Amino acid sequence: KAGVTQTPRYLIKTRGQQVTLSCSPISGHRSVSWYQQTPGQGLQFLFEYFSETQRNKGNFPGRFSGRQFSNSRSEMNVSTLELGDSALYLCASSLVGQGNYEQYFGPGTRLTVT
Amino acid sequence: AQSVTQPDIHITVSEGASLELRCNYSYGATPYLFWYVQSPGQGLQLLLKYFSGDTLVQGIKGFEAEFKRSQSSFNLRKPSVHWSDAAEYFCAVVSPLSGNTGKLIFGQGTTLQVKP
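Taken in order, these protein sequences are the chains called A and B.
Using my numbering, you'd call the opening residue of the first sequence number 1 and step up by one each time.
Using my numbering, you'd call the opening residue of the second sequence number 1001 and step up by one each time.
A hint or two may mislead.
Under the rule of at most 27 Å between Cα atoms (straight-line distance), these lysine-lysine pairs were calculated in the BS3-like manner [stated by the list, open to error]:
no., chain 1, residue 1, chain 2, residue 2
1, A, K13, A, K57
2, A, K1, B, K1049
3, B, K1049, A, K57
4, B, K1068, B, K1049
5, B, K1061, A, K1
6, B, K1061, B, K1049
In short, the hints are calculated from the structure, not lab data.
Treat the numbers as computed from the prediction; the structure is a model and nothing was measured.
Just chain A, same shape as in the assembly (with noise of 0.2 Å):
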């Protein structure tokens, strides 16, 4: 099976600009979530989308928004950018139920403002 995919892979952007990142989960999972990572505050969850549903979500701005569209690809969108938005953008699928809750990952979008 193929894995988490994230495109694109590398993006530079100005302030005040807005950005929509990309991500397909492994075949047959249902649940996509994102993280924020950068090396001041780490792993950061930003949302969870379960069945095109918004599941949970966590402490960011609205500026950071999400979908999930039927065939279970995910993007998130950051309206508005600002210098603090650069990071590594994570994703990653489960498949959820029948005991399977562990979370696979892509390699991410790295995001730089400028």
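Keeping the supplied structure of chain A fixed, place chain B upon it in accordance with the hints.
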């Protein structure tokens, strides 16, 4: 609030030596527990997991971890470290409650350096 603590930010061991990385969690109930490894510029790879049952779990790459409820710990071990094990290791927990299993809470990570 739920939290995960990895007391050691950085650990250096000699190749062939044994390794133990510590992880303590604070949670209302016994959470599901995980160890992940991250190489530079890469995503996270799942090493092992604990949901219930036998408290000693085996993972990939020769790693094992032991869950100790009384100490709220889930320490990662390897009997003999290889140079390729140099990476950053993260302990993580997730609520076992239905609907909350998608929110991993991570420790700060432990960077492992392996001396030749």
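Here is what the structure says about each hint:
The suggested pairing of A:K13 with A:K57 holds, with an alpha-carbon distance near 25 Å, which does not exceed 27 Å. For the given pair, A:K1 sits about 20 Å from B:K1049 by alpha-carbon distance, which is consistent with the 27 Å threshold. Only pairs whose Cα atoms come within 27 Å are accepted, and B:K1049 paired with A:K57 is accepted, the gap being roughly 23 Å. Taking the CA atoms of B:K1068 and B:K1049, the gap is near 14 Å; set against the 27 Å cutoff, the hint holds.
At roughly 20 Å between alpha-carbon atoms, B:K1061 and A:K1 fall within 27 Å of each other, so this suggested pair holds. Of the supplied pair hints, the one linking B:K1061 and B:K1049 holds, its CA atoms being roughly 14 Å apart against a limit of 27 Å.
The structure is consistent with each of the numbered hints, conforming to all of them.
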